[in-house]
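So the protein sequences, as listed, match chains P and C.
No gaps in the numbering here: position 443 of the first sequence is 443 in the numbering used here, and each next residue is one more.
Whatever position you read off the second sequence (first residue = 1), add 641 for the numbering used here.
Misleading hints may appear alongside valid ones.
Computed spacing ranges between beta-carbons, pair by pair [as the list claims (entries may be wrong)]:
#1 C/1164 / P/418: 40 to 50 Å
#2 P/418 / C/740: 49 to 59 Å
#3 P/622 / C/760: 52 to 62 Å
#4 P/28 / C/740: 45 to 55 Å
#5 P/245 / C/1107: 18 to 28 Å
#6 C/1086 / P/622: 41 to 51 Å
#7 P/248 / C/1086: 22 to 32 Å
#8 P/36 / C/828: 24 to 34 Å
#9 C/760 / P/245: 12 to 22 Å
#10 C/1006 / P/426: 50 to 60 Å
#11 P/629 / C/863: 42 to 52 Å
Just so you know, these hints were derived from the structure itself, not from any lab.
Keep in mind the model is a prediction, meaning the values are calculated, not measured.
Positions of the beta carbon are idealized from the N, C-alpha and C atoms, including for glycine.
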Amino acid sequence: MSKQNQKPQVKPKLDPKTLGRIIKLLFKFYPVLMPGICICIVLSSFISSLPSVFTQKILAIVTTNLQKGETNWTVVKQEILPLIAILIALYIISLILLTIFRQLIAITTQGFIKKMRIEMYNKMQHLPIKFFDTHKHGDIMSHYTNDVDTLNELVSRSLPALLQSAVIVLTVLFIMLWYSIWMTLIILTGVVAMVFVSGKIGGGSAKYFVRQQVSIAKTEGFVQEMMNGQKVIKVFSHEKQSCNDFDKINEELYNDSYKAHAYSNTLGPIIMNIGNILYVVCATIGGLFLLLGVSNFSISGLPFTVDIVVPFLNMTKQFTGNVNQVSQQLNMIIMGMAGAKRIFALMDEEAEVDNGYVTLVNAKIVDGEITECKEHTGLWAWKHPHGDGTITYQKLEGDVRLFNVDFGYIEGKDVLHDVSVYAKPGQKVAFVGATGAGKTTITNLINRFYDIADGKIRYDGININKIKKSDLRRSLGLVLQETNLFTGSVMDNIRYGNLNATDEDCIAAAKLSGADDFITRLPEGYNTELLNNGANLSQGQRQLIAIARAAVADPPVMILDEATSSIDTHTEAIVSRGMDKLMEGRTVFVIAHRLSTVKNADVIMVLEHGVIIERGSHDDLIAQKGAYYQLYTSAGDFDLE
Amino acid sequence: MVTELLKKLFKSVREYKLPSILTFVFIVLEAVIECFIPFITANMINSFSKGVDIKEILKSGGLLIVLAFLSLACGGIAGFTSSKASSGFAKNLRHDMFAKIQSYSFSNVDKFSSASLVTRITTDVTYCSQAYQVLIRIAVRAPLLLIFSIIMAFIMGGKLAFSFIVIIPFLGGGLFWVAQKAMPSFRRVFKKYDKLNESIEENVRAQRVVKGFSREEYEKEKFTTASENLCKDFTRAERIVALNAPFMQACIYFNMIFVMLVGSMLVIKSGGTMINVGEMSAMLTYGFQVLMQLMMINMIYVMLTMSAESMRRIVEVLDEEPTVVSPENAVITVKDGSISFKNVNFTYSDTAEKYALSDIDLEIKSGQTVGIIGGTGSSKSTLVSLIPRLYDVSKGEISVGGVNVKDYDLDTLRGNVAMVLQKNLLFAGTIKENLRWGDENATDEELVAACKLACAHDFISSFEDGYDHYIEQGGTNVSGGQKQRLCIARALLKKPKILILDDSTSAVDMKTDAKIRQGFKSYIPETTKIIIAQRIASVQDADIIVVMDGGKIKSIGKHDELMETSIIYREVYEQQMGGAVNE
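Chain C on its own, in the form it takes in the complex (with noise of 0.2 Å):
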């Protein structure tokens, strides 16, 4: 399974292949260069056993320096690459999984969490790309190591090397089962700790509800309560991987002994000509090469295994696809602001088993106001989400301008569809900023006069630094109302043929309310204005009134007709006036 994710994910790689490629290729000449050192030295050694041989020691020095060089010069440049390598992966990972995201649609982005995204994006790739670091440096050069001290130890301690034979299965089966007893805990407790994490967020942002109930002590130990728990769970992971070391330096200790008494035996009883002191110290070296490798090994390992949910967390999102995409040939003009809905029905999901919208028919003539009045759940903001194809129809078709939208290309369908959605946003940038969403190349000019129409020009230029004024991200240094009029602005500034306000004036007083829609009967009469609202007030004088129910039109027609005819709208109306009338 896990080759299957990073053949994935490899293809993120592209522009940084050949750093990675000479990342390998470096890294095995330093790995190749290291195992010469110990032989060299060994050598040096036994130049002082016989007697003080500067010429030998000369000899030997001046190879070793220039290994040492070359080392340095590959290690370097294995470094530089190795770092290239992994980070550009990681960009390039990102780009990947942004762009995907980007992509989607409405019905992708429903699927996942905004949380889930962002750790996907940031903590996820970075496990991956430290995964893959480790993956060029250590997965090639370890085994190599591993292998060529071996062999090298054959060579120079001949019998003596056997110790291997020994000590390698015991370790290797050492560090695998520590592996796999801690992994399995390690999982369990990084859970708990999100768990925990999230307790401390929901903690922060319900302080005033701590304070005002005076609950200060009881989340303390809720929290204390937790913390114990997480920390009982920690420790027991930590300490089975607390034996690794002991463990490892066990069979370091094991090799010395081995072979300074079996070295020294030897070395002895052949007089020297089976082994000798240099080779003795040497394979004490490489016998501390063998278990190094061994443990990077095990290390390679386990990574690649705490990664694998990383890995397959980001391959699930490069590889969901779009639903909604431009089609070929596309349309790219719009003629009109004219819609309709021709036996339109829908559903979120194919295994839903209502229809969250059944049987629509609805013909709205270019530059008429439409108001849509219902409960919660009726579907109102579904039916104007169809217009610009944020999701597609299940049956039934829906045309703009006299043509089918699905034929559209998307940008121009969205370009000529302005919607204000009812959780709106604004995004961290100055109100100018924010505006050029709709037109990036709006002149100032512009701006102003669509803030005008939208109300929102008055207490724009009551900041000090008006226009420029600074939005914290999601708009948290303005009011709902205030809010809700820049959105408006920003929608008008794409100068829409058809503009879809999805209860975007229910934190805007009345009045202001009402001035809003005056201004777009004057300034904008040819485009299509559809108003989704709670407030009867804000419909009221609109062409038609549509009043859902269930995913259904009730009743189509005008406020009077309405008034007579559907019950639903009247009693809204009157709970809404009631107050009002009696006056």
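The following block holds chain P by itself, in its conformation from the complex (with noise of 0.2 Å):
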């Protein structure tokens, strides 16, 4: 494996398809605002750029009367003022119109920024396990961090901006059309220039932006992994190797950042002097083509006078402007694009799919038939519909056996082979094992977090790829070996696992796991709040909080992984009580690491390879004097992790 080498082959490309997709996304989202944001765009660029025609002929009239030795101002205010008049008209009009859209923008962006995160979120909500497993948390996450606030970007600012550019360049274009199609060439000509240099100096800026994120990315995991690791650098002095280490990451983070801002810091003033000297060369061929009467070619048809000229020069400077603005924006638009691409991609994962039609209900007993009712009655049943429209309803027991499962994370790579495990309602199935045996990939089969290559799982009696995911895991419950605490109250992360459980019942379960003791000597008691997956907590007692949040659920079959952490002996033996306790009267299938479980256990699975090699209650296996045996006599517990 070659990660640290990884260097990113970066192609920073405008790509439509993306940008289509922004595009039809912000006018679903926004099917009245958008066309209203773009029509306020359109006109009021369009507006702003009429107003140097009209400033231009207040000059020529200027001109005119000064070269007429006119200095009677009443005079000429009778021709100028009107066309001031209409300056303020236009003015006026463009204010209301560019406050309209940017209000307009600023409420849609937002709503648009939140539309894709929540979309987002709810479809990572609904991807499989599996993406999880394969994905970097910290690459997950920054989806939600650099690559919205690209997005943001993107879509506040620099789409914004580039219709506003291409519709006064568009507009202006026209007017010097009309003008005079000889003098449109020219500025053409040195348009065309800064559009190549952009795109050339721009793209190597973009180029060099993506890399620096790269960079960023890098150097942020590196730090991360430093910090977490501060203790065993000080442990073995190797503060000066990770410092020389870092210096070489900071190193290429540093040359990235300085070609991407080199770049772009010098695209401007190279733009804006382009501008200059195409206003210089538009000066000198106006006045060249006046002096030897150059006969005028336009739309217009209008001659060629110093009053064309003179508002060329000014259009000359209107469209370097834009060029320009357009230009600062690029790096924003591709890398904005490139968060966007990243976006859409988490987007299209593929979801977990859900066949299943066989649904859990409340459920009660009329005249000897389980009948389907909408109270809780403390009773469930299966309902399943059949393909002739009947339906049954099947009591929730808590049956569960596999029949020959294969299984493998990655195809043609077994991780189990041929395993059948049958467990009656009430039954404890203990699994044990080295690390890597299959014991907690048998437990994410079941609750289908992975779904089996081969063979059969049945729950009381159903096919388990018929039973909704949900109600399927509903009916499951999950204590996991890693504890995983929300933020929010005690109380709230207990009801996490029945959302319409009381207080009461909450405190209930929490007694039950043996939790209640330490929760009300806390400073808030039920209330507490749990910040960061609870660290204000010891370990014991966030495992403790999770048998609570799986017993207040009180589902007839449960998952357990048991923990391996070094918790103290007297913790240990609440957390052992409590999970005892949460095991009663349930199907369980434990992954054990301690004696007692294993003990209690009906049923013993010896696991190896992805192989059951042995089964059998706890005195059979010592009996038969095979792999358990050994096990167990070298051991003398079952800490194999």
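Each chain sits in its own coordinate frame; assemble them with the hints.
Written out as structure tokens, the structure is:
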């Protein structure tokens, strides 16, 4: 694996497909506002390019009057004031439009970003566990941070600026053609040069900006690792080496950042000064044309006069300014596109498929028959619709059987082979074996985090593929080795197991699992806020909350992965008691590490390389003197991780 | 306050002072040239208005082209130097912070969360370097251009320039008002934004729980509410800022009308002597310039205040002083692995009421094996972390090889005391690279020998690429037990005089655990071994076993003695061995 040497081949490009999709979504989310914004931008930009015509007219009037030697303001006023009035009117309209579309953009972009974020998040909830197992969490997160930020920039600033500049350029172009095609051609030549330069330099800049993003991510990854391992670094006096390693990555980031900025910082002066040169060329050629009396060629058919040359000079400036504006946005556009592409990729990930049609419903028994009912009765049933339109009900009992199951995370590489396990309601099945033997994998299959490759799994006699995933999982309790708690109060965290549970239910569950004792001693009791995955609690305490959370769900079947972490004997005893309470009266699949768990199990499965090599009760297996006996006598417990 | 922060941060500019100063110089030059350009274009337009004077046009045109090239050169150079300066400044800041963090002792590290240090080194530095670039590019240029433009406007336009006197305070005040109004809401919004992202991270981490409890819809609802909420605040803040553009535009328009109306009047009335058409259009340009520069100055103000928080967070890291440092004239050899604790007391913070360790007296001879046992919170880990001076004692004295640990050079001391931490870590890289943390120059044979001793050789060999097997960040692709054994091997490679295992075999099965301990006995007999364990079996055959409770040593002795004398020890033993004994 050459993880360290991945030099990403970044080819920044304007991707019309991604852009099209962004625009389509914008219009889909805001079918009224978006066209409104576009109209406002177009009108406002169009109107704002008109005043140059009128200012030019005013200047022309002043010039001619000056040449005539007219010094009476009241005479000239007659001609000028109407033009000023038109100007004021245009300005006011343009201002109103500007205000409206700026406000609308503020509203829509934030709304758009919100919707994208929610859509991404909602999609993520339906992605299979495999996605989370195969993607780095930091990577998934950067969709919500970096990518959303660049998309925000793209939608709120770059795209409107692009549209605005495009309209102005087109309007000005038309006015120019109206006046004189010769002069227009000269300006266009200059603009082509500018576009060429911005393409070259802007492209280079974008390339390094994208690279800079990658370097930042790399630096972040490195620093994160080193910060987490700070204590190890100290213990090994490894400070100098890690500084040196950091300097290397730091230098790389510096290079990318330097180049990215150097390109983008020089682009502005270059464009602006091409503009200046263009100005001179226009003035000179215009002057020469006037002197030589070159006949005009234009849409308007106006003769070639000073009144045409001078406005052209101003329009040159306007042109240059707009090209410059667009070129400054180029980085953001390219980076925004890259971000959008990643966001779309996440949204396009294939969701977990669920073809299940058997659902879990509240039930009661009427005349010895199970019937569905709305209210909670404590009795649950599987509602099984059949092809012929009939519906049968099957009581939820917790009978889980695996028949000849094969499975591999990667196709062709079996992790489990021909695994059969039968658990009748209330029976406890314990899995033991070394790490990698497939214990966790079996539990991943029962709740369909992963789907089996071959074989069958039946729950109360129903093939689990037919059961709606959410209902299947609702019927299976889960306590994982690694405890994950949520930001919120202790009570909220327990209630996570069953949203309909009352406070009393939650407290009862906490009492059952032995968590009540320490919770009541917390400063705010059950209302204590947990932060950062419950960092303010000890490991054992967090496990107890997880057990209470599973207890309040009260499912007939439990999947338990006992923690191997080193908690002290006293806390461990409380946790064990909680676990034992939780197992009472339920069908249980447990990945066992404690002797008492194994001894209490109805059947123990010994796994080796994905195959069940021994099965039976503790006493049976001891008597067999096989692999289990070996494990038991050598280890004394089952901390085999 | 900001100036003080800046002073501290600017120390990291170092070799990038020259590019920074050059940026200054060239930006100013460019600004000066930029101010002359409208002057010349006005000239050119004038030469049209009095009948076409091609000579005049060519003269001005030639001058303008020269200026354009000069401006291009200055702008280009400044573009390069400013990029170099700001990227270099960022690089130095990151280097300084990282180096500083490396010099931290454990108690410094405990103060900052690792996530916050990561943000400080990346995001905060990026903000600062952006602010720096703006500072050297615009902070000089904008006020200069502003003043130049106003002066030029007065020279050229005379009375016309008085329109600026109306507009500048108006626009300046307006922009300032918007900034004042928007900044606090943005700060609030960003805090909320961070919170939202934290909750996403939580959700990603806890996907198994979410799916296991079928809580997808619940999570969606929770997130939607939070996003709606954030969006509302964000929109409010953005809408305030969105007022800037029309406001600015209104000022430009006002200036246009004023120049057009009053300008025309002045031109006509004075017959072009007081002011001419060319000057009039130059006034439009200067008006635009002035307003742009006001906008820029406002931007600097916003940027500096917004990045003040980042600056503060960076300076906080740089200002933190390491609490444990090597003394002068330090001892650089460790005689042997004997350890003595004399009346040692320790607290983690000066304000703590209770001692984490109190009245510790302990003599360990070189080469002994010492077991330490006790419940959570009995300060076993604390006790051993004082030996390599990860923390300093509050009272009393610890000596290694007969010398007070405070007299050793830190590298020497830690080089001779190998500690396998309870929360241990492997780093992204091959197994070999990880092992060589212990000894950079270790030969392959030495690596294998250490791994055999730590019972890691067999499983390493079972990997396709053996010792070149790539370990993912945090060591997630090896099991807990394998990780622990690799960490032990890594520590063994230091060939330490003292080896400390802090609950380092908890995930290793007992048979292997016993084998490792047996190996220690036969292969590194002269190394002092200290083993902290939850399992009695791990310490049972130690030379001395220390039983700890509540930060104090309760009993010291051999296994058989403790079974007689220590109630705690016997209880733990019975609890753990209960099952097996019955068989």
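Q.
For a quick check of understanding: which of the numbered hints are violated here, in increasing order?
A. Structure breaks no hint.
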